[in-house]
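Position chains B, C and D against the provided structure of chain A, taking the given hints into account.
There are 4 protein chains.
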Amino acid sequence: MLEELKKSVCQANKSLVDHGLVILTWGNVSAIDRQSGLVVIKPSGVGYQEMKPEDMVVVDLDGNVVEGNLRPSSDTPTHLEIYKAFEGVRAVVHTHSTYATAWAQACREIPNIGTTHADHFHTAVPCTAEMSKEQIERSYEAETGVSIVEAFEGIEPMHTPAVIVAHHGPFTWGKSAAEAVQNSVVLEQVAKMASISFALNPNLKMNEDLVEKHYSRKHGKNAYYGQVVK
Amino acid sequence: MLEELKKSVCQANKSLVDHGLVILTWGNVSAIDRQSGLVVIKPSGVGYQEMKPEDMVVVDLDGNVVEGNLRPSSDTPTHLEIYKAFEGVRAVVHTHSTYATAWAQACREIPNIGTTHADHFHTAVPCTAEMSKEQIERSYEAETGVSIVEAFEGIEPMHTPAVIVAHHGPFTWGKSAAEAVQNSVVLEQVAKMASISFALNPNLKMNEDLVEKHYSRKHGKNAYYGQVVK
Amino acid sequence: MLEELKKSVCQANKSLVDHGLVILTWGNVSAIDRQSGLVVIKPSGVGYQEMKPEDMVVVDLDGNVVEGNLRPSSDTPTHLEIYKAFEGVRAVVHTHSTYATAWAQACREIPNIGTTHADHFHTAVPCTAEMSKEQIERSYEAETGVSIVEAFEGIEPMHTPAVIVAHHGPFTWGKSAAEAVQNSVVLEQVAKMASISFALNPNLKMNEDLVEKHYSRKHGKNAYYGQVVK
Amino acid sequence: MLEELKKSVCQANKSLVDHGLVILTWGNVSAIDRQSGLVVIKPSGVGYQEMKPEDMVVVDLDGNVVEGNLRPSSDTPTHLEIYKAFEGVRAVVHTHSTYATAWAQACREIPNIGTTHADHFHTAVPCTAEMSKEQIERSYEAETGVSIVEAFEGIEPMHTPAVIVAHHGPFTWGKSAAEAVQNSVVLEQVAKMASISFALNPNLKMNEDLVEKHYSRKHGKNAYYGQVVK
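First to last, the sequence lines map onto chains A, B, C and D. Those letters in the first sequence? Residues 1 to 230, per our numbering, in order. Those letters in the second sequence? Residues 1 to 230, per our numbering, in order. Those letters in the third sequence? Residues 1 to 230, per our numbering, in order. Those letters in the fourth sequence? Residues 1 to 230, per our numbering, in order.
Note that these hints are calculated values from the structure, not bench results. Source: prediction; values computed, not measured. Any given hint could turn out to be false.
Where chains are identical, the list cannot tell them apart; a pair therefore holds if satisfied intra-copy or between any two copies.
[What the hints assert, rightly or not] DSS-like cross-link-like pairs, simulated, lysine-lysine; straight-line CA separation at most 25 Å: (1) K213 <-> K133; (2) K175 <-> K205; (3) K133 <-> K7; (4) K221 <-> K14; (5) K213 <-> K7; (6) K14 <-> K218; (7) K14 <-> K133; (8) K133 <-> K221; (9) K7 <-> K218; (10) K133 <-> K218; (11) K52 <-> K205.
Next comes chain A alone, as it looks inside the complex:
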């Protein structure tokens, strides 16, 4: 069942280690098969090295385990909220990568202050609102997903495929597991550079025209970055 997706999800989970984005078991990748509405996700608390495609867990959008002998990641309900709200998303990544998590702990959005950011994220990377006691007690992981969706009010999630959850850490997404992982790589680098930039100049602001130019030259209708894919 979904063998190809399991392979790519397993591979994407392992690649988090190669990219220096996770230690121990602090990260997870999932991907969705939009036709069946089934989600393939990393099992909870399992090491990346020993992980095999057949260890991946298959759940439906209500969180029921459809296939697999292991428990799905405890962050599964957060992933599901993102799939339910953002139609274009095919894969979700969660890490505790150093600099993105530091911004999350500081409860600050990561402003768009450079073309590296603008090449990949159209707006600031939003930071979610802090959750109420009720939200935390009711259904913590699902409410984390709800707070992510709320943070994208007025922002197109496929143009800014990243968020930081207050006090917690980053989530990114994309049209494939590999792309979602790449967005985590970019987010961590952007977060690191921004923290250094703000130490050098606390009053930074980006030229809005430059934001538009950089984003559109890579992602706009008339994009001219990279090779033409036909």
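The following block gives chains B, C and D in isolation, referenced to the frame of chain A:
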């Protein structure tokens, strides 16, 4: 004598290098056999690469060498105080890892400002009080242990298995040598992220409900992180 | 056509990864054959690992592709402006290396505060002026080159072979692809050390006599650093 | 001539790269044969990888080349001043390691704020005074050595075997090339931790009794760190 414990302590000492927690000979791991009350510890000033299980030194809780041709780590009396005061502890690790040591030098406890911290340490990681001249001259390493125990007044040491000693560096512990080392890995990462977060926002505070939620979902009675171990 | 130059440009592009200056496809190297006025440059959006000398694109100084099946780097017009304005330049490198980019995002020139800087760059590494909306819309990449040239009013570009483009990142150059890459390595290191120095002392200033001494002992008429090359 | 010393100096120079203390050719190690008063030093501007023991240059204490086909390091006169003034020194190391150089650029001594520092350096690591125009023009490298010697007025150089030269970078020394390199490793780590500590708490001060305790337990008459060497 205690061959299995020596192997695991030797292996844990070597792993400090792999995790980037020590350079030169700046770190040591010990473990206790609670039945006999004997402690296996790294020899003093010996390189990690050449170290073998049979080089480990066995001491009793009064610090007498029971077996071994080498001197035990000069930090042995600190380890012993921890074993005597904290019953659940089976292994102790000391390093001079970069960020945890920087917090120690700054004489600041590491506040619980994120879920990465809350997943592993229930409270702030306490910083010991500065020692008096009398303490330093009397029995420096044992008094270091005493100051650690005092810092846990009102804190459950198995729920916050880490401390930073003022002007010095971190100690962590756990139910095995491997777990104690893992807690040193987590502490260093948490210390690094916290130093970046405070530079971005000096007035951070964590939601207490979130602390409880994260700690309990991993360690509470109804923990649901990881696979069920029976 | 220009086989040797293609080899050295390809090799220099790959070396950006080894030096930790780029991730993904965030950097490009070009070199010029001054006799023919032809420029060899990295193709756009192609991975460094799979890149081969024959993938390099040859363009003339007006930006017309003279040879090659792939699109040239989207930064090509910036490279061309530098070749047109600065006669001594034989190779140009662009990266988004972490610390140099952080200074660019902070819109601050990198002052000459140490002998490491003075050994390689005679003056501060200038930061370009922010571009107007008109410049951005007219011909963004060429105007980036124009703003670089303007930033060198009164500065000899072969004595300070580096610039940071406001909100964007660094460009360096040299008399060969290898030398231009080396200048990127130096720039990143100088940018990193300067960011740490300014955190320790925000009011730094360098002794001008020391600047002259260090630059001239390596690059002046009576240079005495290194072995005598005849 | 001095074959063993050449081997150890060559090896020590190469080890600077392994320890991450130098890039390009930014560092040099020398050692002295106190009986003959001859100094073996790295040749100027030569890469570490290709360097062989027979490339090392032998100079006397007046700087005359006694053996070798290559030019000695341009920093040779600085090394010689150190050998002439500090009798116990058998080897000298100069690097531009990142954090130690950042402190040098900030023209700040590195205060003794932790036991890691106190274990190796008895006092603050002093920063030299800025040189006058006359000094720089007269004999720059020798005057660098003079300013180092002056910075140790009232400090025992074998108890604090490290200095940072204002606007420039660190020098360390020891009783052998390997020990001098190790002191460079310690200095860089101490400099890094201190920069993080001061960001967390700008008003740090170390307990003097703790300084004495830590230094003396490793280096005092009754040292009890490490194994007994007889």
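Status of each hint after checking the structure:
1. Only between protomers do K213 and K133 lie at most 25 Å apart by alpha-carbon distance; the minimum there is 10 Å, versus 42 Å within a single protomer.
2. Taking identical chains as interchangeable, the C-alpha atoms of K175 and K205 are never at most 25 Å apart, the minima being 30 Å within one chain and 36 Å between chains.
3. Taking the closest pair of Cα atoms, K133 and K7 never come within 25 Å of each other, the shortest separation being 38 Å inside a single copy and 46 Å across copies.
4. Neither within a single protomer nor between protomers do K221 and K14 lie at most 25 Å apart by alpha-carbon distance, with minima of 34 Å and 31 Å respectively.
5. Within a single copy, K213 and K7 get their C-alpha atoms no closer than 37 Å, and across copies no closer than 33 Å, so neither meets the 25 Å cut-off.
6. Taking the shortest alpha-carbon separations for K14 and K218, only the inter-copy value of 23 Å comes in at or below 25 Å, while the best intra-copy value is 28 Å.
7. Proximity of K14 and K133 under a CA criterion of 25 Å is satisfied in neither setting, with 34 Å inside one chain copy and 43 Å between copies.
8. For a Cα distance limit of 25 Å, the shortest separation of K133 from K221 across copies, 20 Å, qualifies, whereas the shortest one inside one copy, 44 Å, does not.
9. Proximity of K7 to K218 under the C-alpha cut-off of 25 Å is found in neither arrangement, the shortest distances being 29 Å within a copy and 28 Å between copies.
10. Taking identical chains as interchangeable, the C-alpha atoms of K133 and K218 lie at most 25 Å apart only when they sit on different chains, with a minimum of 19 Å there against 42 Å within one chain.
11. Taking CA atoms no more than 25 Å apart as the test, K52 paired with K205 passes in neither setting, with 45 Å inside one copy and 40 Å between copies.
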